[in-house]
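J.: Chain A is fixed; fit chain B onto it per the hints.
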Amino acid sequence: MKDFTLSSAAATALILTLFAGPAPLISTAVAGEVQIAVAANFTAPMKAIIALFEEDTDHTVKASYGSTGKLFAQIKNGAPFEALLAADQKRPKLLEEEDELGVPGSRFTYAIGTLVLWSADADKVEDGPALLKSGDFNKLSIANPKLAPYGEASIETLEALDLKDTIEPKFVMGENIAQTYQFVDTGNADIGFVALSQVMEGGKIVKGSGWVVPSEMHAPIRQDALILESGKDNPAVTELFTYLKGEKAKAIIHDFGYETD
Amino acid sequence: MFLTETDIEAIALTLRLATVTTLILFALGTPIAWWLARTRSRWKGPIGAVVALPLVLPPSVLGFYLLVAMGPNGPLGRLTEAFGIGLLPFTFWGLVAGSVFYSLPFMVQPVQNAFESIGDRPLEAAATLRAAPLDRFFSVALPLSLPGFVTAGILTFAHTVGEFGVVLMIGGNIPGVTRVASVQIYDYVEALEYGNAHRLAAVLLVFSFLVLLALYTWKPSGKKQ
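Top line first, the protein sequences correspond to chains A and B. Sequence positions in the first sequence follow the numbering used here and run 15 to 275. Sequence positions in the second sequence follow the numbering used here and run 816 to 1040.
Looking at chain A on its own, in the form it has when it is part of the complex (with noise of 0.2 angstroms):
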C-alpha cells in the first residue's frame, strides 16, 4: 500500500510536471515568473523583498511602479498584472467586488503607510504644524489627491490643522508620490508630504528632515494587496503573498516605516 502511494505520488509529480513545462525533474518547486503591479510609495522596500523573495525561491518578479490611479486603470483595461500592490484598500476592493477581476479573498492589507511632511533642506522641519502656518516655504509638494491615497491624507491633514484653503495657492503636485518626493528633492519645493517610506532607511530619516504626521489626523493609509484574475493559476504569486505575510518581509516593510496588521 505504502509503495502504491509513493509510485502514484511520483507518477501524479511526473504529469504535473510534463504539464507544467520543460522544468527539470529534479526540482520540486517550478522557478516562475509573477508579474506585478505596486504602488509608487512602496517602491523601496518592493525592491528590497524581492531580491529576497527571488534568492530563496529562484521565482523571478518583474513589478511595475506608479501611481494607484493609474496601476488601477490599467488593470481594468487589460493590463497584464499578476496582482496589485495598492496604496489604498478602495482599489483592490472594486477590483475583487465589483469588477471581478481579482481572486476572492486573497486581498490583505500589508502595509500600513505614514506620511512625513519633508524637506530636503536638514534644518527646515523642526515642527511641522507650525511650519505649515507660518507659510515660510515657496511650494508644497503633495501627490494628486485624485489618483493617489498618499494625496488624499496630505489634504486630510491639512484640512485637520484648518490650513488646506489658505495653503491650497502653493499647492504642486505629483502625478504619484515618487514624483512628489522628486519635486522636494530636487529643491524646487521647500517642503511636500511624502511617504516615510521614500526618506527612511533602517529605522530612521536618513535625509533632509521631516515631521511625521501623526496617524490620527488622516483616515489610515491600509494598504492592501489583490491576487489578479490572470495570476489565479500562478502558484508563484500565492508563494509571494505568502512571503509578504512572512516575518523576512514584515522586518522589511517596519525598517521602512510601515506598520502591519
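These are calculated hints, taken from the structure and not from any lab test. Quick caveat, the model's predicted, so the values are computed rather than measured.
Simulated pairs of lysine to any residue, SDA-like, Cα-Cα distance not exceeding 20 angstroms:
(1) A:K160 x B:S997
(2) A:K90 x B:E1008
(3) A:K160 x B:Y1009
(4) A:K160 x B:N1011
(5) A:K104 x B:V1004
(6) A:K61 x A:T252
(7) A:K160 x B:E820
(8) A:K178 x B:P990
(9) A:K160 x B:L1007
(10) A:K184 x B:P990
(11) A:K104 x B:E1008
(12) A:K160 x B:I989
(13) A:K107 x B:E1008
(14) A:K160 x B:Y1001
(15) A:K184 x B:W908
(16) A:K160 x B:H1013
(17) A:K138 x B:P887
(18) A:K178 x B:I989
(19) A:K160 x B:T819
T.: Quick look at chain B alone, frame taken from chain A:
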C-alpha cells in the same frame, strides 16, 4: 455644458502657452535658422544637432533635466534666482522656457529650409543695388521665405499644444497656471473619468486635424512658380 469649467481653463492656458512660445521662437529661431542656412562654420553640424535634439529625446529626459537645471541647485535656477525671478518650475514661464526648447526644431528647420531655398542670387542682386545687410534680410530674404515662416509658426504652435511629458515633469499640475489640456486629459483617464477625457481629447484631436489640414491645403498666395 460640453466641457467643464476647468477644461476651458486648461484650454485657455494651453493656447496662451502655445502663443507665447511661438512668438518667442519667431524671435529666437529666425537668427538661428539664418545662421544655419548661410554659415560655412564647422559649428554648423553641432549647433544643428543641438537644435534637433528635442525631436529624438524623450520628453521625460528633457523634463527631468529641466527640473534639475531650473531647481535651486541647478545652473538655470541659480541664474533666475540671481535675477530675482525666483525658480521657474511650477510657473507659467517655466513651461514657456521648457516649450521653447521642446519646440525649437519645429521653428528652426522649416525657416532654415526656406532661407536655404532662396539661394545666393537674390541676395547678391540686392547687394549690387547697394542694399545694406539688414535691408537685404527684411526686403528680400524675409518676403521670399514667408511660406516657411507660416509653416514654422503653425507647427510650433500645434506642437506646443500637444506637449505633455515636459509639462508633467516641471509643471506640478496647478490649475490655471500649469495644468494644460494634455495633462488634464491624463488626469481624467487615470481617474477613470472617461466621459470627460473623451470630450477634451476630441477637442484636441479635431484641433490638430484642422491645423494640419490647413497646413497641407494652404497655398501661398501670389507666389510665382
